[in-house]
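2 protein chains.
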Amino acid sequence: MPLVVVGSVALDSIETPTSKRENVLGGSAVYFSYAASYFTPVRLVGAVGEDWPAEYTRLFQQRGIDTQGLQIIPGGKTFRWRGRYLADMNKRETVEVHLNVFEQFDPVLPDDCRRAKFLFLANGPVTMQLKAMEQCTGAELIVADTMDLWINTQRKELENLLARIDGLVMNDSEARLLTGDENLVRAGHKIRDMGPRFVVIKKGEHGAMFFSKHETYVLPAYPTPDVVDPTGAGDSFAGGMMGYLAMRGAFDPKTLKEAMAYGILVASFTVEDFSLDRLLKIRREDLEQRMDEYKRMLSF
Amino acid sequence: MPLVVVGSVALDSIETPTSKRENVLGGSAVYFSYAASYFTPVRLVGAVGEDWPAEYTRLFQQRGIDTQGLQIIPGGKTFRWRGRYLADMNKRETVEVHLNVFEQFDPVLPDDCRRAKFLFLANGPVTMQLKAMEQCTGAELIVADTMDLWINTQRKELENLLARIDGLVMNDSEARLLTGDENLVRAGHKIRDMGPRFVVIKKGEHGAMFFSKHETYVLPAYPTPDVVDPTGAGDSFAGGMMGYLAMRGAFDPKTLKEAMAYGILVASFTVEDFSLDRLLKIRREDLEQRMDEYKRMLSF
Numbered sequence: 469m470p471l472v473v474v475g476s477v478a479l480d481s482i483e484t485p486t487s488k489r490e491n492v493l494g495g496s497a498v499y500f501s502y503a504a505s506y507f508t509p510v511r512l513v514g515a516v517g518e519d520w521p522a523e524y525t526r527l528f529q530q531r532g533i534d535t536q537g538l539q540i541i542p543g544g545k546t547f548r549w550r551g552r553y554l555a556d557m558n559k560r561e562t563v564e565v566h567l568n569v570f571e572q573f574d575p576v577l578p579d580d581c582r583r584a585k586f587l588f589l590a591n592g593p594v595t596m597q598l599k600a601m602e603q604c605t606g607a608e609l610i611v612a613d614t615m616d617l618w619i620n621t622q623r624k625e626l627e628n629l630l631a632r633i634d635g636l637v638m639n640d641s642e643a644r645l646l647t648g649d650e651n652l653v654r655a656g657h658k659i660r661d662m663g664p665r666f667v668v669i670k671k672g673e674h675g676a677m678f679f680s681k682h683e684t685y686v687l688p689a690y691p692t693p694d695v696v697d698p699t700g701a702g703d704s705f706a707g708g709m710m711g712y713l714a715m716r717g718a719f720d721p722k723t724l725k726e727a728m729a730y731g732i733l734v735a736s737f738t739v740e741d742f743s744l745d746r747l748l749k750i751r752r753e754d755l756e757q758r759m760d761e762y763k764r765m766l767s768f
Numbered sequence: 469m470p471l472v473v474v475g476s477v478a479l480d481s482i483e484t485p486t487s488k489r490e491n492v493l494g495g496s497a498v499y500f501s502y503a504a505s506y507f508t509p510v511r512l513v514g515a516v517g518e519d520w521p522a523e524y525t526r527l528f529q530q531r532g533i534d535t536q537g538l539q540i541i542p543g544g545k546t547f548r549w550r551g552r553y554l555a556d557m558n559k560r561e562t563v564e565v566h567l568n569v570f571e572q573f574d575p576v577l578p579d580d581c582r583r584a585k586f587l588f589l590a591n592g593p594v595t596m597q598l599k600a601m602e603q604c605t606g607a608e609l610i611v612a613d614t615m616d617l618w619i620n621t622q623r624k625e626l627e628n629l630l631a632r633i634d635g636l637v638m639n640d641s642e643a644r645l646l647t648g649d650e651n652l653v654r655a656g657h658k659i660r661d662m663g664p665r666f667v668v669i670k671k672g673e674h675g676a677m678f679f680s681k682h683e684t685y686v687l688p689a690y691p692t693p694d695v696v697d698p699t700g701a702g703d704s705f706a707g708g709m710m711g712y713l714a715m716r717g718a719f720d721p722k723t724l725k726e727a728m729a730y731g732i733l734v735a736s737f738t739v740e741d742f743s744l745d746r747l748l749k750i751r752r753e754d755l756e757q758r759m760d761e762y763k764r765m766l767s768f
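Protein chains in written order, with the working numbering: chain E, 469 to 768; chain P, 469 to 768.
No wet-lab data here; the hints were simulated from the structure. Worth double-checking, as some hints may not be accurate.
Unchecked claim - Pairs of lysine to any residue residues, derived as SDA-like cross-links and limited to a Cα-Cα distance of at most 20 angstroms, are as follows:
{"id": "1", "chain 1": "P", "residue 1": "545", "chain 2": "P", "residue 2": "517"}
{"id": "2", "chain 1": "E", "residue 1": "763", "chain 2": "P", "residue 2": "517"}
{"id": "3", "chain 1": "E", "residue 1": "763", "chain 2": "P", "residue 2": "545"}
Stated by the list, open to error - Only part of the chain P face toward chain E is listed, based on derived beta-carbon distances under 8 angstroms:
{"id": "4", "residue": "556"}
{"id": "5", "residue": "580"}
{"id": "6", "residue": "593"}
The structure displayed is predicted, hence computed values, not measured ones. Don't be surprised by glycine CBs; every beta carbon is placed ideally from N, CA and C.
Work the whole structure out from these sequences, hints included.
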């Protein structure tokens, strides 16, 4: 089943302790779309400026990612982010951020998108997420991501959103910020009490936790020795997870757990190179092979 | 099969964000012994001072922990540690530490201990660990723990130890310190290259990683909402792991993975109260019940 994602499309400049890249393809909706495209057709809704390289749009299209919802804003510039990873790669600093066209982004969903049954509201202003959600009246599963900025500046809108979505995906530090609880198990359930039927807390190199009324579980990350650039890992996780759910056309507990595992594995490939470089080289079979290893790892 | 542990026996004073305790039973060999005692007879080798409450020795004995190797040093004082946990409970500060009798501790293994096939060298000076190891000539499986202090001050002795033991168990931050590698997967294998056939990296609330020549895996921690005091979690993990191996009398890959899981589960109980308070209330059946939940959590 088609899956719609609304979020940022960006050009990232990234420095790690050993390497760097300038103006590479990035943004929450980009990583999400590519990760989901291993499983299901994806429709990308976002905005870029006139500086947007047309080759990137072709890259999406070759992958079966529908770009009808990707607005090119006349006279605008694409969202740019410059970041630096510290020695332990779990910590990063934002060196520069220019929201550009993303600042005023007013999502307009093409008709196909409005009829989608699976919707993901990637990281962005909550006001924008609400606008997108309101256009997608037939959605059966709506999942959102958020971050510290919106927790701090759009708390009221976020509470409104939480009461209306099915699932929330967020980082561990953000779950702590949102709830004021340092214990992630308690934090997960507190967020669930705010509305969503399920909550996923992403823990970076430590995997992800799942919370629903009747379930609490943790799945570890796949232990890769080749962490080159962690950017986009969380969005890839969400893309793998939602892509799998949309492919299955289901979101029962069993399917959700499988989806969590696929999300973890797509993310484990994303971090093995900059931007989409590693994902561009793998196929669904590579994911399945890693899934076999992952299942072996967790069985005893 | 009997299991010998050599390490610290202490009186701890602990402050958490919500509570505190003075002079409670602690120390690496104490948590280890109690955790292992769910699975196998344990022989504890350590030293205490004249201030040592005899009721604690009785507590060990009631549990089937042999205390022949617990020296009471005339005129000496028991090792005391005072620590404080910060809001997120993963970070702690040592407020005071008095090694007392542990500083000059010269382990003398009773005959029964010398013949043991399973030996654990709990956290302590490497010179002490080496002395203990040399007395245990028939050991088939020798596993050690270590910490930043000894990595920094007894590096040469530690390299000597690593070349002679079968397994090493240590924290993530210590694995990074020892290897200078921030990536734990690479760090684990680098430590293995220093000698031990297997390496276990403990990640606190994020579980534990295992490294051998042919295997690399991660098992997550059991997600408990009731973290009261994390002290002793790592030693309880090691005790559960080694206790299970000694009970089985084996350390093949399959048994090692089961042992890792038992270690994780004993530790998940330890953190639910101060000192040994939670462990005093559970039985082997409680561990088995949590194991069933843990296995369900990891299967999909």
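So, going through the hints one by one against the coordinates:
Distance check on the hinted pair: residue 545 of chain P and residue 517 of chain P sit about 4 angstroms apart at the alpha-carbon level, within 20 angstroms; holds. A hinted pair counts as satisfied when its Cα atoms are at most 20 angstroms apart, and residue 763 of chain E with residue 517 of chain P does not qualify at roughly 50 angstroms. For a cut-off of 20 angstroms, the pair hint linking residue 763 of chain E to residue 545 of chain P is broken: about 50 angstroms separates their Cα positions. Among the interface hints, the one on residue 556 of chain P holds; its C-beta lies about 5 angstroms from the nearest C-beta in chain E, closer than the 8 angstroms criterion.
Interface hint at residue 580 of chain P: violated, since its Cβ lies 32 angstroms from the closest Cβ of chain E, which is beyond the 8 angstroms cut-off. Evaluation of the residue 593 of chain P hint against chain E yields a violated restraint, the C-beta minimum of about 28 angstroms exceeding 8 angstroms.
In the structure shown, a violation is registered for the earlier hints numbered 2, 3, 5 and 6, in ascending order.
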